[in-house]
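There are 2 protein chains.
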Amino acid sequence: MDRRSRTPLSPIRFLERSAGVWRDRVAIGFEGTSTTYERLFERVERVAAGLRAAGVEEGDRVATLLPNVPAMLELHFAVPGAGAVLVPMNTRLSATEHAYILGHSGATCVVADREMRDHLDTASTHLARPPRIVYVGDSSEYERLATDSGRLPLVTPDEDALLSINYTSGTTGKPKGAMYTHRGAYLQALGVIAEAGLDTSSAYLWSLPMFHCNGWAYTWAVTAMGARHECLGGFNAAEVWRLLKDSGITHLCAAPTVLTMLAEAPEAVPLKRPVRVFVGGSPPSPSLLARARELRLRITHLYGLTETYGPLAVCAWRPSWEEDSPAEQARLQARQGVGTIVTEPIRVVDSDMRDIAADGVSIGEIVMRGNNVTSGYYRDPVATERAFSGGWFHSGDLAVMHPDGYVELRDRLKDIIISGGENISTIEVEQALVAHAAVIEAAVIGVADERWGEVPKAFVTVRDGSTVDLTELLDFVGQRLARFKVPKEIEFVTELPKTATGKVQKFVLRAAALGTPESQP
Amino acid sequence: MDRRSRTPLSPIRFLERSAGVWRDRVAIGFEGTSTTYERLFERVERVAAGLRAAGVEEGDRVATLLPNVPAMLELHFAVPGAGAVLVPMNTRLSATEHAYILGHSGATCVVADREMRDHLDTASTHLARPPRIVYVGDSSEYERLATDSGRLPLVTPDEDALLSINYTSGTTGKPKGAMYTHRGAYLQALGVIAEAGLDTSSAYLWSLPMFHCNGWAYTWAVTAMGARHECLGGFNAAEVWRLLKDSGITHLCAAPTVLTMLAEAPEAVPLKRPVRVFVGGSPPSPSLLARARELRLRITHLYGLTETYGPLAVCAWRPSWEEDSPAEQARLQARQGVGTIVTEPIRVVDSDMRDIAADGVSIGEIVMRGNNVTSGYYRDPVATERAFSGGWFHSGDLAVMHPDGYVELRDRLKDIIISGGENISTIEVEQALVAHAAVIEAAVIGVADERWGEVPKAFVTVRDGSTVDLTELLDFVGQRLARFKVPKEIEFVTELPKTATGKVQKFVLRAAALGTPESQP
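Sequence lines, in order, name chains A and B. When we follow our numbering, the leftmost residue of the first sequence carries the number 1, and every step to the right adds one. When we follow our numbering, the leftmost residue of the second sequence carries the number 1001, and every step to the right adds one.
Honestly, I wouldn't trust all of these hints.
To give a feel for the contact side, a few chain B residues facing chain A, derived at Cβ under 7 angstroms [unchecked claim]: (1) 1341; (2) 1344; (3) 1347; (4) 1371; (5) 1405.
Cβ-Cβ distance ranges computed for the label pairs, FRET-style [what the hints assert, rightly or not]: (6) A:320 - B:1129: 47 to 57 angstroms; (7) B:1361 - A:39: 26 to 36 angstroms; (8) B:1325 - A:31: 36 to 46 angstroms; (9) B:1199 - A:270: 16 to 26 angstroms; (10) A:271 - B:1024: 25 to 35 angstroms; (11) B:1004 - A:298: 49 to 59 angstroms.
Read the hints as simulated data drawn from the structure, not as lab findings. Quick reminder that beta carbons are idealized off the backbone N, C-alpha and C, glycines included.
Using the sequences provided together with the hints, build the complete structure.
Rendered as structure tokens:
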């Protein structure tokens, strides 16, 4: 077949197009100022030139340590546009973790927030060859870099070339660098546009950090449509509500934790126009869904991993669900769902890679492949081979496949509890707990038991002003779960230990449980 | 770069996904009946199996001669799903033209409407090896083919493999077969979804023939979103209005001629909910735009060619246009516009492939390239090389580039009139004529003139019940055009000669003008 008309797929093209077509539209709103697409494009070409002048060569890795400021968006085009590879680091990690990622990726340059200066100084002491650090802010080095070196025409890369390396949160072991290609990012962005219904009049609020899977590809998708990025220097529920009420926001993404903060904020009032909210990281609880509905936040639940360019599955709303009770709807919306339109069918398989029965009961591991799945871990062929055994990426997530083809998570492979020979999904037990109106969050782990091998133990946080006692909660859960799944212990805590990405650190809870085996609520 | 996660782009994937996710949603509405996505998928697998059983092998060409019936949509998946190549023929061509296309493509099978029987018998007499003909209809051979051979799991082709060959209308010379790949079709469909704002609740009315560039990729795009295809056995303005009023239609596509028929139909009334209408083939006239607005048909003007998977440019509405007068808006909306989000930048070049100035005045030829441009003409390397000279596809369309980056057609390369050394755009003269309320359509050609070399001559059709005399019309046009552009002759006709695709056949007008040089209105 003649490949005459084959041009490479790259999200850089989206910016180039919007810089022409939507030149006078607002690309970025930030702290009351705005930047047009024409200006954004100029900035990107200038930053690309500045990076080159600062010694960044094609193929180099350029890391970021930035909140959702305009520079972070610029770098999503300027770094690949200079032929380099973006390494967006989570600002909430420790200096040791940053040092590890900088060392492992071999980043030659870091663009960072000034507030990270002490932090980066510490990280640099761990590195044999510390990267050049460019700080962002008024009259900063970044601004000089964006003005002093003219403009660089953005490169047109091979579509299979590396665009970004996104490190996993590493709840266990070292973070691994999931590699994203230009092709994968381009297709994922087109998938986001279709699933989120983005159009030119959309305004996207940057509540989700761009360092999470390149902001779930909204960095590129919003740009492609010539829509508005509303950037945020930091997350502040009051400020977010102000923007939701006054700034024409149409879309935002968030982890349930962040959404809970929004829903519980004193500023929360039902919006005049509904806003589409995409939630991922863990399933939204029934009470959160109910509250969001009151506020006119139209929730869609997504599922994905750092290794899958962020969400690659969507709990697509089925018309037949309209007739279900709110409780049943909430249960259905908590499913991880189905692959998006650019996603290969998601499978749930047994240890021999055979598809488990789609009966809503049989449990297997979720495996994926396709253009929006990482091409592997950077500089880690062993971990890559292991993750891709059988040719599919192994998520480590255990799930059932419902008869309607929707996937529902049961547990992390390493979190499942085996009690008296029965599998207990910690997620199922957690969902039963958070169904109680007084409970905000719950985490369940397995603890050793002489008779059953393992039994479930729960840690719960309770809503301010609410009270619930142990007996009442056990009774509540006992009406929803088989007896063997009901926690043998429930511990009321003020906060759950979490990773920098907001995931509950069950290993911390397990260590705590081991250290104080007699602890009773 | 590791290509582990590279899976082929193909629109077949869209149907497979919708068959799972949207299994119980209506895929096709047709004459009051409906078909779910699950059922459509089963039908497609059955037709694919039936084609194989009928002797169709991988790589074979399967032609169609069908209106917008469900079978035509099925074949858009079943033919490539069987590993074969689709050749959708225009039902309005002559038997000789069909014979040429069947012979040139080497189609081994034709799926056809029963009403084409006599016609195909004639065509077959021209062919050394007539293809097998499968007729569609109740208890037809097609239905047997769809039931007797079980189901064929659809093939996963290489993304650069040939999916469809779409023959040009061939106003001059023989039709040429523009080749479409799976990759191109997949990306074009994603572009349609983004530009048209298709979502799962959309309902697309099949007023545009699917044999035109595979229905401008809506065959695949609507399917991808799990939206509804409303099929039509034939075009009937009354029936279309009934569906627009009662059937929840959200989108349709049409040539201006068809849209004019709709807008002038006695059934036309302002719709309760606006419908998005995509118009291509030629620019909509100001009076048509005004009438469409009254009817709540929200028009977007598109531009493309058989060689570009249908429309690859869109006259994207600019917010600043809101403040312009209706007349100015109509003028702006008649532009061909800018490439869609999956399109490489469109260029307007001189004969040395240098970009002309973006001044709205300088004229050059539109050239394109990229994934939604044909990979070449089937079995015609000479025409392919000529069309792609300089590495870009040459449209044969002359245009200006406006300072805002929007392209506007001035003429077909072969239609431009050179009068006293000045270029006269026949399109510009035609637009000046149709701006008159009494004029429906106008076509302008150059006729020989001793003094000026060439001068413009116009053919116009007049609205029923309206009257306009020559002097009045010349006066009207004289206020809008430079003196040398005003037609020296205007002929009032009842109908303009058109190709099967609805394009005015200027060569017929030129022949007529030569045959009757003294004709005066």
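Verification of the hints:
The interface hint given for residue 1341 (chain B) holds, since its Cβ lies 5 angstroms from the closest Cβ of chain A, which is under the 7 angstroms cut-off. At its closest, the beta carbon of residue 1344 (chain B) sits 5 angstroms from a beta carbon of chain A; the interface hint therefore holds under the 7 angstroms criterion. For residue 1347 (chain B), the shortest C-beta to C-beta distance to chain A is roughly 12 angstroms, which exceeds 7 angstroms, and the interface hint is violated. For residue 1371 (chain B), the suggested interface contact is upheld, since its CB lies about 6 angstroms from the closest CB of chain A, less than 7 angstroms.
At a threshold of 7 angstroms, the smallest CB-CB gap from residue 1405 (chain B) to chain A is about 5 angstroms, leaving the interface hint in force. Between residue 320 (chain A) and residue 1129 (chain B) the beta carbons are some 51 angstroms apart, a value that agrees with the proposed interval 47 to 57 angstroms. In this structure the supplied range 26 to 36 angstroms holds for residue 1361 (chain B) paired with residue 39 (chain A), their Cβ-Cβ distance being about 27 angstroms. A beta carbon spacing of about 37 angstroms between residue 1325 (chain B) and residue 31 (chain A) agrees with the range 36 to 46 angstroms that was offered as a hint.
In this structure the hint that residue 1199 (chain B) and residue 270 (chain A) lie 16 to 26 angstroms apart at CB holds, the actual value being about 24 angstroms. Between residue 271 (chain A) and residue 1024 (chain B) the beta carbons are some 32 angstroms apart, a value that agrees with the proposed interval 25 to 35 angstroms. The supplied range of 49 to 59 angstroms is broken by residue 1004 (chain B) and residue 298 (chain A), whose beta-carbon atoms lie about 36 angstroms from each other.
Violated hints for the displayed structure, listed by number in ascending order: 3, 11.
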